[in-house]
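Quick mapping for you: the protein sequence lines, in order, are chains A and B.
For the record, in the first sequence the residue sitting at position 222 is 222 according to the numbering used here, with numbers rising by one throughout.
For the record, in the second sequence the residue sitting at position 139 is 139 according to the numbering used here, with numbers rising by one throughout.
If you are wondering where the hints come from, they were derived from the structure by calculation, not from laboratory data.
Quick caveat: nothing in here was measured; it's all calculated off a predicted structure.
Even for Gly, the Cβ is constructed at its ideal location relative to N, Cα and C.
One should not assume that every hint holds.
Derived coverage of chain A by chain B (criterion: at least 3 residues anywhere in the stretch with Cβ under 8 Å from a Cβ of chain B; other residues may be distant) [unchecked claim]:
1. 106-112
2. 183-192
Some chain B residues close to chain A (C-beta under 7 Å, calculated; not the full set) [said to hold, decoys possible]:
3. 101
4. 105
5. 106
6. 180
7. 181
8. 188
9. 194
10. 197
11. 219
12. 228
13. 233
14. 235
15. 248
16. 252
Residues of chain A placed beyond 10 Å of chain B at every Cβ, according to the derived structure [unchecked claim]:
17. 11
18. 20
19. 21
20. 24
21. 38
22. 39
23. 82
24. 138
25. 203
26. 310
Protein chains: 2
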Amino acid sequence: MRIETKKAHFTSPLYLESGRILEPYDIVYETYGELNKDKSNVVLVCHALSGSHHAAGLYPGDRKPGWWDKLIGDGKAIDTRKYFVICSNSIGSCFGSTGPMSPQYPSQEPYRLNFPVITIKDMVKAQKQLLSSLGIHEVHTIIGGSMGGMQALQFGVDYPHFAKSIIALAATYATRPWAIAFNKVAIEAIRRDPRFKNGNYNKDDFKEHGLDGLAIGRIAGHISYLSPASMEKKFGRAYVATDGLFELFGRYEVERYMEYNTSNFARIFDPLSYLYIVKAINTFNLARGYGSLYDAISRVEAKINLISFKGDMLFFPQEMEHLAKMLQRLNKKYSYYEIDSDYGHDAFLVEIEKFEDLIRDMLKEVDESK
Amino acid sequence: MRIETKKAHFTSPLYLESGRILEPYDIVYETYGELNKDKSNVVLVCHALSGSHHAAGLYPGDRKPGWWDKLIGDGKAIDTRKYFVICSNSIGSCFGSTGPMSPQYPSQEPYRLNFPVITIKDMVKAQKQLLSSLGIHEVHTIIGGSMGGMQALQFGVDYPHFAKSIIALAATYATRPWAIAFNKVAIEAIRRDPRFKNGNYNKDDFKEHGLDGLAIGRIAGHISYLSPASMEKKFGRAYVATDGLFELFGRYEVERYMEYNTSNFARIFDPLSYLYIVKAINTFNLARGYGSLYDAISRVEAKINLISFKGDMLFFPQEMEHLAKMLQRLNKKYSYYEIDSDYGHDAFLVEIEKFEDLIRDMLKEVDESK
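If we strip away everything but chain A, and leave its shape as in the complex, we get (with noise of 0.2 Å):
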């Protein structure tokens, strides 16, 4: 398989939902095979909130692969033999593309708090307009999970002739209160962070174990993203140390689970970004704009294919149900599974096997029908 990591710099502004204007900025994409000479190929990944452009493939020096590593390559489910796979970093994040620690157009400074809040359809319009500098002008499918099955709804009904199939993960139409919730947690751990200072922060003050306020908003991320069901059965009561339990800072293993993960997190990931992809997620609903989702939803040409988990905690089943009935309802082209997982929201990123074939099934449909 051949990987490319590509920076594209881009000087027309970039109108935003808000109103206002993001100029320049950059968008850090990675390829993953070859685009075939009719450009029908095209296979556009979205990542999730902590995700970035990096989804295959192992870069030299590194333990882990990209984050959908399992799905796509030579012969996997999206099959880098017969697609141009692109996965680009969301405009916001902090792995290469414009976000609120990038330089600010004269000033050179950091936009930190200036930088514009950016939506899902923002994060899709910086994509499109990222392939459109590539030459293509059609996709064949565009597919993600979270936030990057946000993405996926949110093209399909923004730009219907864009892509032939959308497949969504673990995703929603709007996102529910509960959501949010848990998704305040780290707003106000972040904000309330004294070495956050109201956005002015300096890297160095917590370069060893990232901002504590992230961490812990983190925690409560990793909840939704787990399930009662998989944590009993990866943790149980477990303690850390047996002898330990009547000491007050003792710990059970799904305590070091989430001290491990979370502290690792915000080591490498920057809590202004992590504000502003939270924002977006926050303020993602595909009725915005179109006067209601049933009007959102009528716009669709592409197919829909809606694959939900069964323990999901943070996008319930039945919020991608909502979306297929009213699919249904307005008899357009679309598919929805419910996948027998106890994975929980990281179904879609750790139970590739209980989803993969539909998948492959999914994309060949496309090429069986041109």
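Once you've looked at the hints, dock chain B against the given chain A.
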């Protein structure tokens, strides 16, 4: 209804599950109604994490009555014309009973992190001492929700002949990792708050708004007390100020609710007490000390009445069901009801009308079996 608030002082040691000793200690308690001649009408009420001995009645000047006021009173389900109701503040808490900010003998300095770890078993033992000191060696019923339910169940196991009936609502038989993970947010948020100072805080430092870490941890708590459905009903996607949608820190109604409730709470609750009580909840396990849950439940003589709530996202109905099955298997007297509710865990505090008749009947059953 006659209400009395009293403080009992104990100079004999309380031997804790940890092997440590609490000595001396105070227990603040409230009583409602009158003790009958043969002392056969005592209903012991146990409070939850954030509760206190003030379970019913309205203090002069207060806006809100006691936390179970809808349930306890003259003519109410726990009828104070018939029953003598006692509710004490748990040791470890911060409403008058001995806790981490109480003066340690003989220095009179607050214990702070020198306070011993308290378990549910210890809370129960202390209450048992309180009742003994009042000349009460047997009670009619012990009832509680959430952590109060844990205490009620622990009473049933540790002192099989003490109560004729036990009523546990929205509780579990052993705290599952899902609940421990929610508590982890609070533990980390409090510990990492610079003003916490490893327990050596000066309350004046956060007099006005409470400790941020406690407020942040409490947001996670509130998520687990509500449910997706109750949030949907209460807040939906309503925004505090619609024209602030594209402001980074613009808020959804659910966010405002979280801010309001948690900062109110942080003002009145002590951060160390929170850590100690959360520890008691995390370590709750009916089986501990008895080899297995089977062996623990084998001891039970009282009738065990279990009430769970369908939408409870903290202690799921399946957990109470597990206990009910064990009781059935062991041929114990028990009842199990799953209440259809969208209110989540909070239902035990707010949807009294859904279960008050059940409680009335459960109490009556004991009266009639005399």
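Which earlier hints can't be squared with this structure?
-> 1, 3, 4, 5, 10, 13, 18
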